[in-house]
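Start from chain F and add chain W according to the hints.
Line by line, the protein sequences are chains F and W. Residues in the first sequence are numbered from 1 upward in steps of one, following the working numbering. Residues in the second sequence are numbered from 1 upward in steps of one, following the working numbering.
No lab work stands behind these hints: they were computed from the structure. Please read these numbers as outputs of a predicted model, since none were measured by experiment. Among the hints, erroneous ones may be present.
Claimed, not checked - Facing chain W, from chain F, some residues (calculated, C-beta under 10 Å):
1. Q15
2. P16
3. C90
4. G130
5. A131
6. I132
7. L133
8. R137
9. M140
As the list claims (entries may be wrong) - So the derived label-pair ranges between C-beta atoms look like this:
10. F:R203 x W:F5: 44 to 50 Å
11. F:S77 x W:F38: 52 to 58 Å
12. W:F12 x F:R97: 47 to 53 Å
13. W:N182 x F:R97: 19 to 25 Å
14. W:K9 x F:M227: 43 to 49 Å
15. F:G91 x W:Y34: 33 to 39 Å
16. F:E208 x W:R35: 35 to 41 Å
17. W:K9 x F:R141: 26 to 32 Å
18. W:Y196 x F:E55: 54 to 60 Å
19. F:R203 x W:S97: 30 to 36 Å
20. F:G213 x W:L186: 55 to 61 Å
A virtual CB, placed ideally from N, CA and C, is assigned to each residue, including glycine.
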Amino acid sequence: MEQILTEQVKPQAKQPEVVIRISDASVRFNIAGEKLDDLKEFFIKLVKRELRFKEFYALKNINLTIRKGESWALIGSNGAGKSTLLKLICGILTPYRGTVTVKGEIAPLIELGAGFDPNLTAEENIFINGAILGHSRKFMREQYESIVEFAELQDFMALPIKNYSSGMRARLGFAVATVTAPDILIVDEVLAVGDAAFQQKCRDRIRELLGRGTTLLFVSHAKPPVMELCEKAVWMDHGEIKKIGATEHVYWAYEQYLNEMKNK
Amino acid sequence: MKKFFRLTKERFKKFFKYWDLLMLLVQRDLKLKYRRSFLGYLWSVLNPLLSMIVMAIVFTRMFKRNIENFPLYLICGNILFSFMRDSTTQAMTSVISNASLLKKTYVPKYIFTLSKVTSCMVNFVLSLGALFIVMIATKQPFRWMNFMIIVPIVELYVFCLGLGLLLAAGTVFFRDIRNIWNVVTLAWMYLTPIFYSLDSFNDSKTKDIVDMSKLGLFIRRFNPLYMYIQQFRYFIMQYESTLVEVPCGVLMWRGAVCAGLMLIVGLITFNATKNKFILYI
Chain F
1 MEQILTEQVK
11 PQAKQPEVVI
21 RISDASVRFN
31 IAGEKLDDLK
41 EFFIKLVKRE
51 LRFKEFYALK
61 NINLTIRKGE
71 SWALIGSNGA
81 GKSTLLKLIC
91 GILTPYRGTV
101 TVKGEIAPLI
111 ELGAGFDPNL
121 TAEENIFING
131 AILGHSRKFM
141 REQYESIVEF
151 AELQDFMALP
161 IKNYSSGMRA
171 RLGFAVATVT
181 APDILIVDEV
191 LAVGDAAFQQ
201 KCRDRIRELL
211 GRGTTLLFVS
221 HAKPPVMELC
231 EKAVWMDHGE
241 IKKIGATEHV
251 YWAYEQYLNE
261 MKNK
Chain W
1 MKKFFRLTKE
11 RFKKFFKYWD
21 LLMLLVQRDL
31 KLKYRRSFLG
41 YLWSVLNPLL
51 SMIVMAIVFT
61 RMFKRNIENF
71 PLYLICGNIL
81 FSFMRDSTTQ
91 AMTSVISNAS
101 LLKKTYVPKY
111 IFTLSKVTSC
121 MVNFVLSLGA
131 LFIVMIATKQ
141 PFRWMNFMII
151 VPIVELYVFC
161 LGLGLLLAAG
171 TVFFRDIRNI
181 WNVVTLAWMY
191 LTPIFYSLDS
201 FNDSKTKDIV
211 DMSKLGLFIR
221 RFNPLYMYIQ
231 QFRYFIMQYE
241 STLVEVPCGV
251 LMWRGAVCAG
261 LMLIVGLITF
271 NATKNKFILY
281 I
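Isolated chain F, as found in the complex (with noise of 0.2 Å):
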């Protein structure tokens, strides 16, 4: 079904190449009774055989075609399952059902500075958050100068990062993030840290890599920089798909639904 409407939105005849091809994926999680990370609670309860798990389904059902190139925003409330599709697209959740393939290299900001060790230098965690994003040291000693140039932070770099504020570190984290263009960038709603003037910053760099043939997908509860950046968009809702297609549509009909929902 939502593989139909997304060929309807481009009805081109030559098409670029699927960079994302999710498939009747679903992703499961057992959610124990009480949190089990206790052994002797684990064998009591496995000879008691009350070891009764309820299934949760994050996503179900989700089909999602994507080319490269293309821009897409995820929106949708809290736990409707943006940031698990996210995650099932970079790998870090295995699908229960379905299949997720996935051609090319990805750059995920799920959180800015993730693979920061607090206790290293800002130089330091530049080159291993470079190297967790598959960039060999030779390359980031290149592309270092550029990369302190971009976040604004030449006076910090020997200062360990856990003297940084929140905002510094989301400007590290998407220098090395960006310092290449990938095939694939993942942007969960980690803008919203920096200062305006960053945010800008942030946005026109990411134009520019959409420029050079970068897939976008995007999460911000924010409209505008959706509408600035997105093409297309998917409405999720527990977990499913609620509607895809073009940016100003699914938008639209989400704040319907939003409405609706503050009238009842």
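Frame of chain F, contents of chain W only:
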């Protein structure tokens, strides 16, 4: 079978892609270990040396012993055992302590375990300096054969890597392992001839609760650490008691089999559970 080879090839490719990350993580561990300490890396030499001195004093006063060059005997056992204890203890928490990262980006998870064991190995190589000092101080002659220690070291490294992977995967699901492991390594230490020799088990005249000669046999057969330490001592100080102990050649292949098995068990466990880690960390 074909699929297996293809998968293995892909895994190796991925491994080399993350080689730089591995090196950086090892560097990080070493840097942070001695950050803000005055003597820095010198501690890797001083620590085993000082603990050897303490143990030598305690055990020469308290027990009668007939081991030649006791300080060297002691430090050989001690640095190998410390490597095992440190590397496995650190490897155990390698996955859970990187939870925030693993939740947000895709990185092969074993990289963290591998980097912990490797950084402990670097530390171990530094501690060979202490061994060197003791050899000079006790006038132990140097021989070409000393270089053969590479064999037990590599075997021990592989063994600890396998054990570390097993523990890391286990700890994700049961945090209790962290607490149990302390006790296990303590018991293991006493069951490993670090400060005693298995010879003394045979001529013990006192009536013990445990049959000492049987215990000795058990240790010789089933304690992998015994195999590595005994080989190491043989290559460093020609320590080989012809009376009861196993010849070095036998220890070498037994040690290799042990290490290989441990690695396979570790890899299989880790691989089978790694996709569930995310739900528990």
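A quick look at each hint next to the structure:
| no. | hint | result |
| --- | --- | --- |
| 1 | Q15 | violated (27 Å) |
| 2 | P16 | violated (24 Å) |
| 3 | C90 | holds (5 Å) |
| 4 | G130 | holds (9 Å) |
| 5 | A131 | holds (4 Å) |
| 6 | I132 | holds (6 Å) |
| 7 | L133 | holds (8 Å) |
| 8 | R137 | holds (5 Å) |
| 9 | M140 | holds (8 Å) |
| 10 | F:R203 x W:F5: 44 to 50 Å | holds (46 Å) |
| 11 | F:S77 x W:F38: 52 to 58 Å | holds (55 Å) |
| 12 | W:F12 x F:R97: 47 to 53 Å | violated (30 Å) |
| 13 | W:N182 x F:R97: 19 to 25 Å | violated (41 Å) |
| 14 | W:K9 x F:M227: 43 to 49 Å | holds (45 Å) |
| 15 | F:G91 x W:Y34: 33 to 39 Å | holds (35 Å) |
| 16 | F:E208 x W:R35: 35 to 41 Å | holds (38 Å) |
| 17 | W:K9 x F:R141: 26 to 32 Å | holds (29 Å) |
| 18 | W:Y196 x F:E55: 54 to 60 Å | holds (55 Å) |
| 19 | F:R203 x W:S97: 30 to 36 Å | holds (35 Å) |
| 20 | F:G213 x W:L186: 55 to 61 Å | holds (58 Å) |
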